[in-house]
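Dock chain A against the given chain Y, drawing on the hints supplied.
Protein chains in written order, with this note's numbering: chain Y, 1 to 135; chain A, 1 to 110.
Hints were generated in silico from the structure; no laboratory data involved. Computed from a predicted structure; not experimentally measured. Just to be clear, a hint being listed does not mean it is correct.
What the hints assert, rightly or not - Below are the DSS-like pairs computed for lysine-lysine, each with C-alpha atoms no more than 25 Å apart in a straight line:
#1 A:Lys69 to A:Lys8
#2 Y:Lys111 to A:Lys73
#3 Y:Lys62 to A:Lys73
#4 Y:Lys5 to A:Lys69
#5 A:Lys83 to A:Lys105
#6 A:Lys79 to A:Lys105
#7 Y:Lys6 to A:Lys69
#8 A:Lys95 to A:Lys79
#9 Y:Lys78 to Y:Lys52
#10 A:Lys83 to A:Lys69
#11 A:Lys73 to A:Lys105
#12 A:Lys69 to A:Lys105
#13 Y:Lys6 to Y:Lys111
#14 A:Lys69 to Y:Lys78
#15 A:Lys34 to A:Lys105
#16 Y:Lys78 to A:Lys73
#17 Y:Lys111 to A:Lys69
#18 Y:Lys78 to Y:Lys111
#19 A:Lys77 to A:Lys95
#20 Y:Lys6 to Y:Lys83
#21 Y:Lys62 to A:Lys95
#22 Y:Lys111 to A:Lys77
#23 A:Lys73 to A:Lys95
#24 Y:Lys62 to Y:Lys52
#25 Y:Lys115 to Y:Lys78
#26 A:Lys83 to A:Lys95
#27 Y:Lys111 to Y:Lys5
What the hints assert, rightly or not - Sample of chain A residues lacking proximity to chain Y, with all beta carbon distances greater than 10 Å (derived):
#28 Trp24
#29 Asp36
#30 Glu57
Cβ coordinates follow ideal geometry from the N, Cα and C atoms, glycine included.
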Amino acid sequence: MSEIKKFMYVNRRAPYGTIYAWESLEVVLIGAAFEQDVSMAFIDDGVYQLTKGQDTTGLEMKNFSPTYSALGDYEVTKIYIEKESLEERGLTLEDLQHLTWEDEDEDWAEKDSIKLVSRAEMAQVFADQDVFFNF
Amino acid sequence: MAIEIDGKSYETDEEGYLADITQWVPGVADVMSKEDDLELTEEHWDIINFLREYYEEYQIAPAVRVLTKAVSKRLGKEKGNSKYLYGLFPYGPGKQACRYAGLPKPTGCV
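So here's chain Y without its partners, still in its complex pose:
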């Protein structure tokens, strides 16, 4: 096994209107098969990607928000949300989906995937990564 790299997928755009959010999610799911250490960050309008109760009727785009809850199955368990971005949009964690993963080694215990971090903490998280994908 080659050296495991830390991959960070940075999401800064609203979920619909452009294809970036869905493309990012697909790349993450595909890339998860390659056994890298995957993290996702949601910053700026990117935080809207995880909001609850999305309805795409009239947009002619598939509502892919349910797919985010599959991330845990794909062993993507580090999802960073920038606190300031939420606050600037009048949102709290309560407005976002509750993403979890199940730890097979602990009898499928459910654990939180979402980590709320400040802008300064996000910079620290970024400093620790090897590869970035910006969407």
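Showing chain A alone in chain Y's frame:
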């Protein structure tokens, strides 16, 4: 391309996947498996139904690795392994079972 079930035609894509998932009926799996010379047993249907439920919930067809783990949890460890799943679906549990279930080709399946 298309397949025919009870006189009704169902459109498929160039790889044989159902074009419109909402059109799926169990007959789709019957006809497709017959073309592959495979007889569907209850064990096959467990997986097909599982995939349909997974898609319903998450809007994607799971990668084989994810399917294996999920089956292991839901149906038991003796079924949640690739040997068992490939035994049922020799063309690949992801591709073949998803096709029978009317799902698109699995995300992450190259």
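The hints, checked one at a time:
| no. | hint | verdict |
| --- | --- | --- |
| 1 | A:Lys69 to A:Lys8 | 36 Å, violated |
| 2 | Y:Lys111 to A:Lys73 | 16 Å, holds |
| 3 | Y:Lys62 to A:Lys73 | 29 Å, violated |
| 4 | Y:Lys5 to A:Lys69 | 23 Å, holds |
| 5 | A:Lys83 to A:Lys105 | 20 Å, holds |
| 6 | A:Lys79 to A:Lys105 | 22 Å, holds |
| 7 | Y:Lys6 to A:Lys69 | 23 Å, holds |
| 8 | A:Lys95 to A:Lys79 | 18 Å, holds |
| 9 | Y:Lys78 to Y:Lys52 | 19 Å, holds |
| 10 | A:Lys83 to A:Lys69 | 13 Å, holds |
| 11 | A:Lys73 to A:Lys105 | 23 Å, holds |
| 12 | A:Lys69 to A:Lys105 | 18 Å, holds |
| 13 | Y:Lys6 to Y:Lys111 | 21 Å, holds |
| 14 | A:Lys69 to Y:Lys78 | 19 Å, holds |
| 15 | A:Lys34 to A:Lys105 | 20 Å, holds |
| 16 | Y:Lys78 to A:Lys73 | 22 Å, holds |
| 17 | Y:Lys111 to A:Lys69 | 17 Å, holds |
| 18 | Y:Lys78 to Y:Lys111 | 11 Å, holds |
| 19 | A:Lys77 to A:Lys95 | 21 Å, holds |
| 20 | Y:Lys6 to Y:Lys83 | 22 Å, holds |
| 21 | Y:Lys62 to A:Lys95 | 22 Å, holds |
| 22 | Y:Lys111 to A:Lys77 | 22 Å, holds |
| 23 | A:Lys73 to A:Lys95 | 21 Å, holds |
| 24 | Y:Lys62 to Y:Lys52 | 15 Å, holds |
| 25 | Y:Lys115 to Y:Lys78 | 7 Å, holds |
| 26 | A:Lys83 to A:Lys95 | 15 Å, holds |
| 27 | Y:Lys111 to Y:Lys5 | 23 Å, holds |
| 28 | Trp24 | 17 Å, holds |
| 29 | Asp36 | 25 Å, holds |
| 30 | Glu57 | 6 Å, violated |
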